[in-house]
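Trainee: Could you put together the complete structure from these sequences and hints?
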Amino acid sequence: MRDPQTAPPRLHLAFAALGLGFLAIFSWVFFKEQGAEWRSAQARFRKLEATVKNPHQLAQSAGAAGVRQVWLPDLDRVDRCTTCHLGVDDPAFAKAPALFRSHPGTWLTTHPVERFGCTVCHDGQGEATDYAHAAHKPIPGVARAMRPLETIEANCGACHRSLEPRGAPRLAEGRRLIVESGCVACHDIPGFEGVSFRGPGLDSLGYKVRPDWLEGWLKDPKGYLANSKMGNFRLSEAEIAGLRALLLSQKAEAPQVADVDWKKADSANGKALFGQLRCVSCHAVNGRGGTMGPELSRIGDKVRRDWLFSYLRDPHREQPDTAMLQYRLTDTQVRDVAAFLLEEYKTPGGEAEAAPAPYQDAPAVAEGRAVFVRRGCYGCHKLAGIRETGKIGPSLAGVADRDPDQLPYGGKPVRRTADNYIFLKVQQPDSLGAPSLMPTFSFAPAQAAKITLALASLHKADLPASRVVKEAPPTPYRPRGAFGELVTRYRCLSCHRIGGSGGDLSTVPLDRIGSQLQHDYLVAYLLNPGAVRVSVEARMPVFHMLPEEARTIADYAATTFLDDDLDRYDTRFTPAEVSRGEQLYRQLGCVGCHQLNLQGGYVGPDLSNTGQRLRPGWTAAWLAAPNRYKPGTLQPDYGLSPGDARALTAYLASLGGSTSRAAGKAASATGGGHP
Amino acid sequence: MSSRTLAAALVVFTVGCHRQAPAPPVDAALEALRTEEQTAGLNYAEGQGKQLFDQYCATCHGDGGKGDGQNASNLNPTVPDLTTSKNLADATYVRRVIAEGSAAVGRSPLSPPWGRSLSPQEVAYVTLYCQALAKKKP
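Protein chains in written order, with the numbering used here: chain C, 1 to 675; chain Z, 1001 to 1138.
One or more hints might be untrue.
As the list claims (entries may be wrong) - Examples of chain Z residues toward chain C, derived with CB under 10 Å: (1) 1048; (2) 1112; (3) 1119.
As the list claims (entries may be wrong) - List of simulated lysine-lysine pairs, BS3-like, C-alpha gap at most 30 Å: (4) C:630 / Z:1066; (5) C:95 / Z:1135; (6) C:346 / C:219; (7) C:470 / C:391; (8) C:229 / C:219; (9) C:95 / C:47; (10) Z:1086 / C:95; (11) C:137 / C:32; (12) C:251 / C:219.
No lab work stands behind these hints: they were computed from the structure. Ideal Cβ placement from N, Cα and C applies to all residues, glycine included.
Mentor: This is the structure in structure tokens:
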């Protein structure tokens, strides 16, 4: 055996070289770590801290030393951003260089760093401790570079699931556009489960529309209405011919034509009625008016006279799920309104209406049926005999996490990100190189970008429930009996909310309306809804309701829509309280927004007849905390003490009080005003 | 013949390469939002302020802050023109008027306090927008 002490010299050399090699690597690592970006940043911060803080504050602060991190196990994130951004949650650094500056705004009070880290909102690589690897700027191969401020609301949307998130206007607008454009008719979109979208049913379309209109509409809906909800399906001539044949052959129910003399139609009376019924609260004409119903600016080019008459007479017979109410009008009145609409709102010199032609071209109808199914028309439009086969588009769950390298960009010079793919798809669905069934909606670029933000918040892995901010879905509200029939007839829930369900075109929800309004005032108001707020454009329609119907509604409200806390309010006011209230009314500047005795502003309701209009318990509760009852209301919260709220209530309750009751009633019956 | 073909191929190749020099990739959605901001002349925070201003303030102060809102004619004292007001330079003052009302700075009570309706962040946004209005003098 060889003596171990006399190993060959070559092996000695190898060990020496290996040792030196290790030493070199070790020193390199040591010096690199010592010279790390974050260490020099922390050194600079310590110098800065000495200039920003006094010695006492300095002694208290732990001083920056070592890597700092926020670990969020429930989100599977480690954020080391505060290793360098050391002043981010300290207001003393408001004017420091960007690296150390305190976070702008008050965001960290609602989203403290310890609970939310940084990348939850900002994206980027939280584990990194140097500028480049943290992906402050996009780097190839890293899916989530930091978001610039302009698109940051996409990340608000990951937790904040409300359809109207407050403080994130771009996200809110994107979600609104998704709801309004009917994206949910073709796509399952997480967060929009309660949203439904329906176009008009087509079962009697052969009686409803003019053939030339239908052809133009199918070719390009924007050609008829610039803000049509229906997108352009880029249909071929053959597809249009098929759909035209299919749709014009739909004649499920003939219009109910009463025995009216069209020669005697008085379109001047129709015009007056159109104004008086307040049709423009829901329908725009020439660019002005509501958006709940279709714009009527060219309705004369579209619909047939008999159908329009029948529809105005009983909209629910033609379209059971329409938002439109059924007015109580005579056949003559309906005739006049129809005549006015058809005369006033059409292209001058348009062709006269031809009689409905029979369409029995069986092959064309069969072709139309195939197109109807292939293009998913049933997603929005009901049509008898069409087998609905589920949503035609793919689910958008997790669309933000699709692999950017696998997505098509149609050769556009854009960075490969899910954002850019979504944007291009939303704006020009047919431009990504593959044929697409999705219609073109002609969104403006900024609109498409906001829809992109809304969709870019849809991630694959769902968040733990403790992170999600969401409203409870409304429970459907279906009143029964005589009251239920009236709610259905007058479509109260198109504008008003009860129990969280219904539209929100109106003021506060109706859940406690019986404790808010005086019974007699409500009856008078329903019979002749005046303008409570002069400056509001969407006004309650004048229903031409029967007096017993108005009483039924008011009685129901007075027994059902109550808030016991409001009703228990002690209404025995003293004269001292009334005069203190009058003083407060002046002192707070109420006159700026409210009319009283023909003086004041037009923003809030006229207060001249408050004594007959409002119940004092409600007035007091509203004045004390208006945002509790109507978030975003223009009624300021003055932070009134209960005593001051009571005094102001006493004063308001004394206005137009019971002594001048009859006079006040007359005033409210003619549209409100000064008794 | 073959050299000519080669030369032609070279020319085609060069031109082709030149044409293919790719435009720098952009973020299309981001660009669209930036364009919108530039058109309005308002940055992100000011844009948020504008939305709140339009909702809460414009009925009196007017869409452009000139004191010509639809309710302005009903007010006495009149609504000041924010685009020329010297007080707009002082952010603390503006924030105070928005949050606590004009009465808090010794003026009429007609501009109400919004500090309980708006969050501090929202008050800050409106402040920034008002200051932008003053800077943006046409």
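Trainee: Tell me if residue 1119 (chain Z) is really an interface residue toward chain C, meaning its C-beta lies closer than 10 Å to one of theirs.
Mentor: Residue 1119 (chain Z) check passes; min Cβ-Cβ to chain C is 7 Å, inside 10 Å.
Trainee: Using Cβ atoms only, decide whether residue 1048 (chain Z) comes closer than 10 Å to chain C, and label the hint accordingly.
Mentor: Holds - the Cβ of residue 1048 (chain Z) comes within 10 Å of chain C, reaching about 6 Å at its closest.
Trainee: Taking the closest Cβ pair, is residue 1112 (chain Z) under 10 Å from chain C?
Mentor: holds (4 Å)
Trainee: Next pair to validate is residue 251 (chain C) with residue 219 (chain C); report whether the Cα-Cα distance is within 30 Å.
Mentor: Answer holds: residue 251 (chain C) to residue 219 (chain C) is near 22 Å, not above 30 Å.
Trainee: Given the hinted pair residue 229 (chain C) and residue 219 (chain C), is their Cα-Cα distance within 30 Å?
Mentor: holds (14 Å)
Trainee: Assess, step by step, whether the Cα of residue 137 (chain C) is no farther than 30 Å from the Cα of residue 32 (chain C), and give holds or violated.
Mentor: Given that 30 Å is the threshold and the Cα spacing comes to 23 Å, the pair holds.
Trainee: Given the hinted pair residue 630 (chain C) and residue 1066 (chain Z), is their alpha-carbon gap at most 30 Å?
Mentor: Judged against 30 Å, a Cα distance of about 29 Å means the pair holds.
Trainee: Would the pair residue 470 (chain C) and residue 391 (chain C) pass a check requiring their Cα atoms to be no farther apart than 30 Å?
Mentor: Roughly 25 Å separates the two Cα atoms, so the pair holds.
Trainee: Mind checking the alpha carbons of residue 346 (chain C) and residue 219 (chain C) for me, to see if they're no more than 30 Å apart?
Mentor: Within the cut-off at roughly 19 Å; holds.
Trainee: Mind checking the alpha carbons of residue 1086 (chain Z) and residue 95 (chain C) for me, to see if they're no more than 30 Å apart?
Mentor: Holds, because 24 Å separates the two Cα atoms, which is no more than 30 Å.
Trainee: Residue 95 (chain C) and residue 1135 (chain Z) were given as a pair; does the straight-line alpha-carbon distance stay at or below 30 Å?
Mentor: holds (22 Å)
Trainee: Please work out if residue 95 (chain C) and residue 47 (chain C) have their alpha carbons no farther apart than 30 Å.
Mentor: holds (15 Å)
Consistency with the previously given hints is maintained throughout, with no hint failing.
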